[in-house]
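Trainee: Taking the hints into account, I'd like the entire structure generated from these sequences.
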Amino acid sequence: MEKSEARKSRRNFLRLGLGAGAATIAGLAGVKIAKGGEPADKKELTETIKVLTPDGKVVEVEKSSIMPPKDVFIDRKQAHQGIPGRKFVMVIDLAKCKNARKCVEACQEGHKLPHDHEWMKLYLLKDSDNSAPYWFPKPCFHCDNPLCVSVCPVGATYKRTDGIVLVDTERCIGCKFCMTGCPYSARVFHWKKPDVKVDENTPYSPEVNIPPKEGTVGKCIFCPDKLRNNELPRCATACPMGVIYFGDILEDTVTNGTETVRFSELIASKGGYRYMEHLGTEPSVYYLPPTERQFPWERGYEGIPDSIKSRYDNLDVIKETFHKDSNPK
Amino acid sequence: MEKTSDVILKEFAPQLENPSRKWWLVFGVMLMLFIIGIYGLTYQISYGHDVTGMRDHVVWGVYIVNFIFFMGLSYAGAILSGALHLMKTPWRKPIMRMGELITVISLLIGPCFILFCVGRFDRLHYLILYPRIQSPITWDVIAISTDIVGCLLYLYLSFIEDFAKLRDFKGLNVPAWKKKLYKILAMNYTGTPMQVKLIKRSKNIMAAMVISIAIIVYSVLAWIFGVTLQPGWHSTIFGPYFVIAAVYSGTGLLIVLMWFYRKIFKLEEYITCQHFVNVGIMLLILGAFYGYFTFSDYLTKWYGSVKMDKVLIDHLFKQYFWEFVVANYVGVIVPMVILAFKKFRTVNLITFGAVVTLISLWFNRYLIVVPTLETPFLPIQDNRLAWIKYTPTWVEFSLFTAGIAVFVMLMMIAAKFIPIISVSELTEKEEETENVNCAPKTV
Chain U
1 MEKSEARKSR
11 RNFLRLGLGA
21 GAATIAGLAG
31 VKIAKGGEPA
41 DKKELTETIK
51 VLTPDGKVVE
61 VEKSSIMPPK
71 DVFIDRKQAH
81 QGIPGRKFVM
91 VIDLAKCKNA
101 RKCVEACQEG
111 HKLPHDHEWM
121 KLYLLKDSDN
131 SAPYWFPKPC
141 FHCDNPLCVS
151 VCPVGATYKR
161 TDGIVLVDTE
171 RCIGCKFCMT
181 GCPYSARVFH
191 WKKPDVKVDE
201 NTPYSPEVNI
211 PPKEGTVGKC
221 IFCPDKLRNN
231 ELPRCATACP
241 MGVIYFGDIL
251 EDTVTNGTET
261 VRFSELIASK
271 GGYRYMEHLG
281 TEPSVYYLPP
291 TERQFPWERG
301 YEGIPDSIKS
311 RYDNLDVIKE
321 TFHKDSNPK
Chain Y
1 MEKTSDVILK
11 EFAPQLENPS
21 RKWWLVFGVM
31 LMLFIIGIYG
41 LTYQISYGHD
51 VTGMRDHVVW
61 GVYIVNFIFF
71 MGLSYAGAIL
81 SGALHLMKTP
91 WRKPIMRMGE
101 LITVISLLIG
111 PCFILFCVGR
121 FDRLHYLILY
131 PRIQSPITWD
141 VIAISTDIVG
151 CLLYLYLSFI
161 EDFAKLRDFK
171 GLNVPAWKKK
181 LYKILAMNYT
191 GTPMQVKLIK
201 RSKNIMAAMV
211 ISIAIIVYSV
221 LAWIFGVTLQ
231 PGWHSTIFGP
241 YFVIAAVYSG
251 TGLLIVLMWF
261 YRKIFKLEEY
271 ITCQHFVNVG
281 IMLLILGAFY
291 GYFTFSDYLT
301 KWYGSVKMDK
311 VLIDHLFKQY
321 FWEFVVANYV
331 GVIVPMVILA
341 FKKFRTVNLI
351 TFGAVVTLIS
361 LWFNRYLIVV
371 PTLETPFLPI
381 QDNRLAWIKY
391 TPTWVEFSLF
401 TAGIAVFVML
411 MMIAAKFIPI
421 ISVSELTEKE
431 EETENVNCAP
441 KTV
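As they're listed, the protein sequences go chains U and Y.
Per the numbering used here: the first sequence = residues 1 to 329.
Per the numbering used here: the second sequence = residues 1 to 443.
Treat the hints as calculated values from the structure; they're not laboratory data.
Certain hints may be false.
Claimed, not checked - Taking CB as the label site, the calculated pair distances span:
id, chain 1, residue 1, chain 2, residue 2, range
1, Y, Lys310, U, Ala95, 28 to 34 Å
2, U, Ser131, Y, Tyr303, 22 to 28 Å
3, U, Lys192, Y, Met32, 24 to 30 Å
Unchecked claim - Dumping the calculated DMTMM-like pairs for lysine to aspartate or glutamate here, alpha-carbon to alpha-carbon at most 20 Å:
id, chain 1, residue 1, chain 2, residue 2
4, U, Lys213, Y, Asp122
5, U, Lys319, U, Glu298
6, U, Lys213, Y, Asp50
7, Y, Lys10, Y, Asp168
8, U, Lys96, U, Asp127
9, U, Lys192, U, Asp116
10, U, Lys192, Y, Asp122
11, U, Lys102, U, Asp116
12, Y, Lys389, Y, Asp309
13, U, Lys98, Y, Asp382
14, U, Lys126, Y, Glu374
15, U, Lys319, Y, Asp382
16, U, Lys192, Y, Asp50
Note that CB positions come from ideal geometry on N, CA and C, so glycine has one too.
Mentor: Put into structure tokens, the structure is as follows:
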């Protein structure tokens, strides 16, 4: 399909230069700039790509001179170490979100989550009576002051140097204190034996959290396995609207796959904010307000299957807009 | 009461001798309830926590409510019997042992509910293997285990003299193994001045320690809620509020037990109406405190306009209206009215007030735990009913009743094992002057 081709090529030039040995060219680090949409696999050897040097110049280099990322297995102990020199950040542009739910699907597929188990959740929010409703994708915020980490009695959840908060489901005792500690309801619990087909012999790494385990807590982990391979998290790659930007706050760069921008400029120009800043949890996820939208919010409701629609049926805004006749006031 | 201990022991002997048919009947019923609870637990272990009413938002339910409830009963026992002991309140003697037994028994039952709530039963030892001192749960593990040891010690200290009396008393018609057990447990206590002094001193030390540990443990329990940012939990008042509520519920339970033991063992001579009134007055004072704390907690939440507090209060008054009325109006007003007017102060009415206290305090804990979890910062948007509103299942209730059944069974066994009224305390002559003397020593 055209879309998947585009996604693949996007992934190819989105190597953020993460991890050891990713960018081997001297003086080259950081983000390579997006280039066209044509399939990249065929002309791999002769093709050149543009990369951004730390001093801001765009240089064209042969693609073959960039070392392909290695698939390394990160065990439970290694998972405590963050990816060196990194501090990840996510920016979610609410103006673009049309509730396509591709982020949720990709996340569930990628982490082998049961059907009713969502790490990425989509809310329909309306801040006050007179303000407009908007779709609100909510991953884990990977707070810099994470209450979930503070309250965990056995150190099963921890904060890494690269900003990621992970859960070690082989350590987790399932006390659920982190779930009450998290003010954003980011965490979910395996209430029963996860109904997914996973190879039993898959070695366990907290960086992917496969296979899911009964009686333990799970949450969005920013896909560190992808990051190590210089790829974007699954949700960002899957989003058809480019809602989710992901990058490195130390490099001051984020990308949604089609455009790469300065993080600070993006936040400054569009009025980016963090959700419930007043709680003092210092999230690593920023939001851009839903201004100058590409779609009316109603489109996000109309497009989803009935089984999902019913989640929002109790909301006043849905009742007023869609069920006026059935619910006379 | 000028009876010697032999006379009293003779009177109490039937309590300790072979259990009657009635005893076995009640015990059998309790055992049944206990077995149903065990069945519920195995059911939960084999099918996962899915069989409870808990889901992703309300992750703590009746189990945690029961944990707080039973722990509350236990600390109340500790504070009551400890404080009465230290203050040498003369009327404390016949009811002290009941308080101490409540403490230890509910302290053993309470933490079990945590085990039911934890998703990975099999990894519980990680709490000790990989503790993180930042976590209030670790504080709780340390505090509760200290408390269990302390309270058991205190209980045992108060038993030794009676064990010795039972060992020496010839008129007791009990099996040989029981006699032998008394002998071992009495630890060669013969009542030499040295032994008397040692027991007295260690009891005083333990009484003071048990009180302070009790306050610490219950505050830590409150901080498990207080340290989170959740609306309704993030409150500075929670520590003292929990302690007061705990003592309140424990006093209620003490009165209920006084009523039962008095009735069953015909102890009207020892536990008089005056005892009910005295403990009842404590209940009255504690009820006033409890009402005051509850009021100030909810008033400040309601009066200001922090959005989440408002959402919570709305939820409480809409979804939990009757529970709220029972927990925070009935539970304060009924016991207070009964005890405030002299003509209502009968044994049965006071006991009724105490039962109301117990029930309302259970609901109070329910209203602390559940509604807050149902109103998270990000509103729950779900079409699965169980995810929106918590409804406890039979599994949770089976374990709740099993908890009560175990409490009753242990109380029954304890009363078969040792007189429910401390014989040594009754016959002991208090040397009131020794400690009251504040004047500098002139001798």
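Trainee: Compare the structure with each hint and give your call.
Mentor: Here's how the hints hold up against the structure:
1. At roughly 29 Å, the beta-carbon separation of Lys310 (chain Y) and Ala95 (chain U) lies within the given 28 to 34 Å, and the hint holds.
2. Separation of Ser131 (chain U) from Tyr303 (chain Y) is about 26 Å and conforms to the stated range, judged on CB atoms against 22 to 28 Å.
3. Range check, Lys192 (chain U) to Met32 (chain Y): about 29 Å between beta-carbon atoms, so the 24 to 30 Å window is met.
4. For the hint pairing Lys213 (chain U) with Asp122 (chain Y), the CA-to-CA distance comes to about 13 Å; that is within 20 Å, so the pair holds.
5. A threshold of 20 Å between alpha carbons decides the hint, and for Lys319 (chain U) with Glu298 (chain U) the separation of about 12 Å falls inside it, so the pair holds.
6. Restraint check: the Cα-Cα separation between Lys213 (chain U) and Asp50 (chain Y) comes to about 14 Å, which is no more than 20 Å; the hinted pair holds.
7. Under the criterion of a C-alpha separation no larger than 20 Å, the hint pairing Lys10 (chain Y) with Asp168 (chain Y) is consistent with the structure, at around 12 Å.
8. For the suggested pair Lys96 (chain U) and Asp127 (chain U), the alpha carbons sit about 18 Å apart, so the restraint of at most 20 Å is met.
9. The suggested pairing of Lys192 (chain U) with Asp116 (chain U) holds, with an alpha-carbon distance near 11 Å, which does not exceed 20 Å.
10. Only pairs whose Cα atoms come within 20 Å are accepted, and Lys192 (chain U) paired with Asp122 (chain Y) is accepted, the gap being roughly 15 Å.
11. For a cut-off of 20 Å, the pair hint linking Lys102 (chain U) to Asp116 (chain U) stands: about 15 Å separates their Cα positions.
12. At most 20 Å may separate the alpha-carbon atoms for a hinted pair to count; Lys389 (chain Y) and Asp309 (chain Y) meet this at roughly 18 Å.
13. Between Lys98 (chain U) and Asp382 (chain Y) the alpha-carbon distance is near 19 Å, which keeps this suggested pair within the 20 Å criterion.
14. Of the pairs offered as hints, the one joining Lys126 (chain U) and Glu374 (chain Y) holds, with about 19 Å between alpha carbons and a cut-off of 20 Å not exceeded.
15. This hinted pair checks out: Lys319 (chain U) and Asp382 (chain Y) have alpha carbons roughly 15 Å apart, not beyond 20 Å.
16. Pair hint Lys192 (chain U) plus Asp50 (chain Y) holds up; C-alpha atoms about 5 Å apart against a cutoff of 20 Å.
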